[in-house]
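Spelled out, the chains give:
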Amino acid sequence: VSDATPFALLLLAVSGAFVVALLEQLAAGGRLAPGALARTVLVRVREPISHPQVYDAWLFHLAPTLLLVAAVAALAMVPWAPGFRGIDVESGVILFAAALAYVTPAVFMAGWGAGRPLAVVGAFRFVALMLGYAMPIAMVTTAVAAPAESLRPTAIVEVQHAVPMALVQPYSLALWLPAVMAVAFLPPFDIATARGELGGRGAFDRYTGIEAGIVELARRILLLAVAGMTAALFLGGWHGPLLPDAAWMAVKTLAVVWLMLWAGRRFPRAEIDRLLAFAWKVAVPGAIGAIVLAGLTTLLFYR
Amino acid sequence: VVLTRSSRATLPALLVPDELSWTLWGQDPALGGLAPASAEEARVLLAPARVPSPLVAALREEWQRAGGGARVEARDAPVAGGVALAEALEIGGGHAHGGGHDEHAGHGGHGGHAGHDEHAGHGGHGGHDEHAGHGGHDHHAMMAIVGEPSADGLVMEPIAFTLGPLSGVLPGGLAVDVELDGDVVSACTVRALLRAGPAEHGQLAPPDPLAPVTWTTALRVAEELERGDVAEPAVQWLRLAAVEVERAVSHLAWLRSLGRLLGWGELVRVAQEALGPLLALHRPRAPRDSQDGAPSLSPHTADAPLAEARRAAERVVRLVAGRRFAGRTLDRGRLAGHPGLVGPNARAAGDVEDRRRADALYAALGFAAAEHGDGDVRARALVRVFEVREALRLAAEALARADVAAPDAQGVPAFADQDGVAVEGPRGPVRIRRPANAHHPDLEAPGSAAALEAAGRAAVGQEWASALVTLASFDLSPWRVGT
Chain H
1 VSDATPFALL LLAVSGAFVV ALLEQLAAGG RLAPGALART VLVRVREPIS HPQVYDAWLF
61 HLAPTLLLVA AVAALAMVPW APGFRGIDVE SGVILFAAAL AYVTPAVFMA GWGAGRPLAV
121 VGAFRFVALM LGYAMPIAMV TTAVAAPAES LRPTAIVEVQ HAVPMALVQP YSLALWLPAV
181 MAVAFLPPFD IATARGELGG RGAFDRYTGI EAGIVELARR ILLLAVAGMT AALFLGGWHG
241 PLLPDAAWMA VKTLAVVWLM LWAGRRFPRA EIDRLLAFAW KVAVPGAIGA IVLAGLTTLL
301 FYR
Chain X
1 VVLTRSSRAT LPALLVPDEL SWTLWGQDPA LGGLAPASAE EARVLLAPAR VPSPLVAALR
61 EEWQRAGGGA RVEARDAPVA GGVALAEALE IGGGHAHGGG HDEHAGHGGH GGHAGHDEHA
121 GHGGHGGHDE HAGHGGHDHH AMMAIVGEPS ADGLVMEPIA FTLGPLSGVL PGGLAVDVEL
181 DGDVVSACTV RALLRAGPAE HGQLAPPDPL APVTWTTALR VAEELERGDV AEPAVQWLRL
241 AAVEVERAVS HLAWLRSLGR LLGWGELVRV AQEALGPLLA LHRPRAPRDS QDGAPSLSPH
301 TADAPLAEAR RAAERVVRLV AGRRFAGRTL DRGRLAGHPG LVGPNARAAG DVEDRRRADA
361 LYAALGFAAA EHGDGDVRAR ALVRVFEVRE ALRLAAEALA RADVAAPDAQ GVPAFADQDG
421 VAVEGPRGPV RIRRPANAHH PDLEAPGSAA ALEAAGRAAV GQEWASALVT LASFDLSPWR
481 VGT
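Residue numbers (this note's numbering), protein chains in the order written: chain H, 1 to 303; chain X, 1 to 483.
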């Protein structure tokens, strides 16, 4: 961490969100339109902020900022390269999960604060979903950290110098991916923001202007953060032949982003009851099993 | 915010009355890059130059919320008895941009363009007050604390709100009064708010703009029956082809909306690929313009688009019959029996009734009605995609026969029976009873009220997402026909 780290992080967040937005365009329509994206930003900036007639002002106006802070905090824990490790702390992966945990109150504040029936439904859906998926995220993190015997993300990257964790613990990756996609409310797990089902943007329906822009920005930073952490924890992070370290990390992160966006178009939106049933009946027991297996793997192969 | 035409693809648009109506009137918004959005996120309002009166209050509300920041684009589109757009929005004529003037200059007779003063005096004012009470938007609904124990014994706060009439997910003009118990629907009533206005310029408009070709054909045949004429065989085959193309367009556009509701990009894309080539053939305005009452379908130019659509329709069938679709639709919104239902909704519940079975022309083509016994959302979708496949086959064969003027239809008036005229449209039969009076015919769309009622009933007891998919699965029309 240096004096430049916060600025580097913000630069990474904004430029990364831009690239994610371009990938979204590519996934949705098959063509890139950076100019259109810039115009959308312009519209958001120039549009006035508004609010529903009946609403909770504090919750409503704080939610976008909280979401943005949570997303940037999560992004800060991602190790990008040996020379740029974000905020490299001993308990990084736990802090990452903790940052993601703040997405839940942000979504709830937005939905509840808007005081609109379908936004409230979206808010409650998200809380129910996150109650189910917070545990798998935390436990899978532990399982992945076991071989490195450290919760420091860079240490977990280093332990994968020979074999990426996705090959050692594929079951952990299978539990991790849907859970982090749900946190970032990506289709088909976008039940809190379900377009059409809950109006335009569900819990975030009523934001206009810069607040709507912050929500859109935060969502993409969140996607970047979970994709980056997936690359770091499971795909070997910056390890790879020929290319520079940072390039490998960028390629892997964008590949994960693309995989998540692609999956969102391939499947109809999941239903809340099925997602909850899966979380409690499969994901949570599966995550406990993953910890046990990770312990055995560590004892057998990493010592 | 006024943006150039090229950039609007990036903007979410509120389509008034709805995407399905635009598509069925031959202007598919998706081809121009416009994706329908809910009123909350819309940056562009695409509205017909005249708006059905019951939508005026809701539309004005959206316009005011946009605070003048949104752009209005007016086009020549379906309305039957409405209020001029500029008047409805209480804006000066200069603010509404007539985006479609040039390309539709030839259709000047169908109604005014936005902002033209000549329409300021037209009827429809009555609609303002009578519908103001509907509210129509859920943000008005406050949460009432009643404290009734729900089915699972928990004391819940029921949430009551109205979805529509400009909801973005259901056709514009449908208002759904919902009461949620938690996220489960405990009460649901669907109202159809729209009704066609009286004949204009002596020309009776289709009373349901969601089935324009079907109704135009029925009105034509009724006129001919009254005069004692029988159309040329080639004309009859062309009409059959046009009705079948409309069925395919309607079902595919409905499926595309369902895909949007399900958040399923692949279904939207696949439905769009089948829909695209058909839009070149589907010209709802043409039958009125042509001299001999024949739809302006040409057997020679229709071959390639029909073949392309048939190939794409096979992909649609595979996707809808597959497991991913079943996961969201199997066993949802199942009805016991099919009381009063008609059309695909009834055929999805095991009813074999189809007007086309009794028609000599259809029999000559070897028509087979699609059926399914399950009566759930999946069955309704499957019946429709099978009907798309059959409709495209029928259209291709009818066009081939029109080309050689096959004599099968000689002397047999298609679409007529002893009671008058009956055409099986996309949502069931449309009827015109004898004695047909050219200016005040007795028009009927039996089963539409039953569909509204059945949809509301089927939604009760389901989680909101499934309830909404169930409502959409009935392909309801907001237009009331008959008494």
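By construction, these hints were calculated from the structure, which means they are not laboratory data. By construction, the Cβ of each residue, glycine as well, lies at the ideal position given by its N, Cα and C atoms. Certain hints may be false.
[Said to hold, decoys possible] Heads up, incomplete: computed chain X residues facing chain H, CB under 8 Å, no partners named:
| id | residue |
| --- | --- |
| 1 | ILE159 |
| 2 | ASP183 |
| 3 | TRP264 |
| 4 | GLY265 |
| 5 | ARG324 |
| 6 | PHE367 |
| 7 | ARG389 |
| 8 | GLU463 |
[Stated by the list, open to error] Listed next, with one range per pair, are the computed distances between beta-carbon atoms:
| id | chain 1 | residue 1 | chain 2 | residue 2 | range |
| --- | --- | --- | --- | --- | --- |
| 9 | X | ALA280 | H | LEU37 | 52 to 62 Å |
| 10 | X | ALA321 | H | ASP273 | 17 to 27 Å |
| 11 | H | SER15 | X | VAL155 | 44 to 54 Å |
| 12 | H | LEU167 | X | ASP331 | 51 to 61 Å |
| 13 | H | GLY35 | X | GLY366 | 23 to 33 Å |
| 14 | X | VAL155 | H | ASP273 | 54 to 64 Å |
| 15 | H | LEU37 | X | ASP331 | 38 to 48 Å |
[What the hints assert, rightly or not] Among chain H residues calculated to face chain X with C-beta under 7 Å, some are:
| id | residue |
| --- | --- |
| 16 | GLU149 |
| 17 | ARG152 |
| 18 | GLY200 |
Task: Interface hint compliance - ARG152 of chain H to chain X, C-beta minimum distance less than 7 Å - done: violated (37 Å)
Task: Consistency of beta-carbon spacing, ASP273 of chain H to ALA321 of chain X, with hint 17 to 27 Å - done: holds (24 Å)
TODO: Return holds or violated for the Cβ distance of GLY35 of chain H and GLY366 of chain X against the range 23 to 33 Å.
DONE: violated (53 Å)
- [ ] Note whether the CB distance of SER15 of chain H and VAL155 of chain X lies within 44 to 54 Å or breaks it.
- [x] holds (50 Å)
Task: Given hint TRP264 of chain X near chain H, where the shortest CB pair must fall under 8 Å - done: Hint holds; TRP264 of chain X Cβ to chain H Cβ min 4 Å, cut 8 Å.
TODO: Closer than 8 Å between Cβ atoms is the bar; does ARG324 of chain X clear it against chain H? Give me holds or violated.
DONE: holds (6 Å)
Open item on the list: Can you verify the interface hint for GLU463 of chain X: is its Cβ closer than 8 Å to any Cβ in chain H?
Closed with: Holds, about 6 Å.
Open item on the list: Less than 8 Å between beta-carbons is the criterion; does GLY265 of chain X satisfy it with respect to chain H?
Closed with: holds (3 Å)
Open item on the list: Can you tell me whether the CB distance of LEU167 of chain H to ASP331 of chain X sits inside 51 to 61 Å?
Closed with: Distance hint for LEU167 of chain H, ASP331 of chain X is violated at roughly 39 Å.
Open item on the list: Hint ILE159 of chain X vs chain H: min CB-CB distance below 8 Å?
Closed with: Holds, about 4 Å.
- [ ] Mind checking the CB of GLU149 of chain H against every CB in chain X and telling me if the closest is under 7 Å?
- [x] violated (41 Å)
TODO: May I ask you to test the hint 38 to 48 Å on the CB atoms belonging to LEU37 of chain H and ASP331 of chain X?
DONE: The hinted range 38 to 48 Å holds for LEU37 of chain H and ASP331 of chain X, with Cβ atoms some 41 Å apart.
When held up to the earlier numbered hints, the structure conflicts with 6, 7, 9, 12, 13, 14, 16 and 17 and fits the remainder.
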